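In this note's numbering, the protein residues as written are 32 to 364.
No lab work stands behind these hints: they were computed from the structure. Treat the hints loosely; a few may be bogus.
[Unchecked claim] When the alpha-carbon atoms are kept at most 20 Å apart in a straight line, the in silico SDA-like pairs for lysine to any residue are as follows:
1. Lys103 <-> Leu113
2. Lys33 <-> Val359
3. Lys103 <-> Asp90
4. Lys111 <-> Gly91
5. Lys33 <-> Pro343
6. Lys111 <-> His75
7. Lys33 <-> Ala46
8. Lys99 <-> Thr125
9. Lys103 <-> Ala123
Only a predicted model underlies this, so the values are computations on that prediction, with no experimental measurement involved.
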Amino acid sequence: MKAERIFIPTPSAPASLCWCGDGLVDWVSGGCFYGLDGSTADPHVRYAYRFDSAVMSQDGRYAVLYEKLGTKGLLLHQGKVLRELNRSFYHATTYEYPVALVTLPSGRTLLAHCPDEYCCLELEDAETGERLTRRDSSSPDFFHSRLQFSRDGRYLVSAGWIWHPVDAASVFDVARALEQPQSLDEPQALALDDSFLEFHSAAFGERDTLVLECTGLDGEGTPFSDGQPADTARLAVYSLSERRFLSMAPLEAPAGTLMAMGGYAVGFYEHPKLFELATGRVLERWPELDTGRQGSSIIRHLPPLPPLALDPAGRRFAVGTDKGIEVVRFTPE
């Protein structure tokens with residue numbers, strides 16, 4: 032793949048970044064827009080709170096501002112405040128706030144978050160606030176974090192942790208959750224045979240696949256006997272429909288946050304790296320771009336993370352710097 036760089040200067044360091052067409056929005060700074068063509072717009076809106084991150088729906092109508100290690104979020108519609116969001120205080124200063132948005136083919140936008148308990152995932156109608164997954168079932172002891180919908184809205188993954196502490200991932204069928212809310216307390220387990228895997232990061236790949244960074248491969252039941260130590264970090268591709276791993280390769284370098292594109296993935300641990308999924312090899316690096324050291328949902332021990340905006344469908348990502356926005360986009364060679 033061929034990589035192209037674009038630099039967008041900004042008056043001040045961006046506080047958050049979300050893709051919006053051929054531009055980026057800094058919602059935390061009031062909805063400032065920066066186009067790849069050099070166009071800019073500043074609505075001159077300021078929020079009197081310490082929000083440091085944002086997510087946005089694909090159609091651009093909804094956005095959520097939140098504090099990564101706090102309990103407060105703010106839902107916007109067309110840039111206007113719709114309502115405040117909250118999560119449990121329990122270990123809130125330890126791991127990243129769980130929130131995601133998706134616009135379904137029907138046009139309805141769903142909000143996924145944990146408004147009541149750290150372990151109880153809920154789906155809401157973003158516009159009305161209607162709780163769509165009320166239930167009486169007990170939720171398993173799982174700290175939901177780094178929520179992400181698949182591009183078609185069919186699946187939702189939570190890359191969080193369990194006590195004490197072990198990185199873990201849970202996958203949910205969105206349509207099933209809307210019909211049978213208790214299924215949010217019965218996540219689809221990743222088939223591991225007799226093995227144990229700790230999942231440090233997850234991202235949706237092509238079709239129905241998940242791309243994962245994992246360690247702790249153990250047990251004789253696994254088909255991936257590569258002779259590496261159990262704590263070797265691996266890059267795995269898992270099929271949700273076939274319920275099996277399609278590939279698993281030792282990583283040449285830590286991956287961290289992932290963005291999957293075809294047979295490749297970009298990992299953002301320390302700096303962006305382009306990995307080949309089949310081999311775990313690093314094909315290209317951008318060491319001059321600082322992207323932080325996040326390798327888990329637990330980030331309390333880390334300095335503030337630079338803003339990142341990932342667009343796997345558009346095969347591009349953006350990184351906030353002190354002087355502006357660095358964009359890297361990929362095209363087939």
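> So which hints don't hold here, by number, going up?
Replying inline: 3, 7
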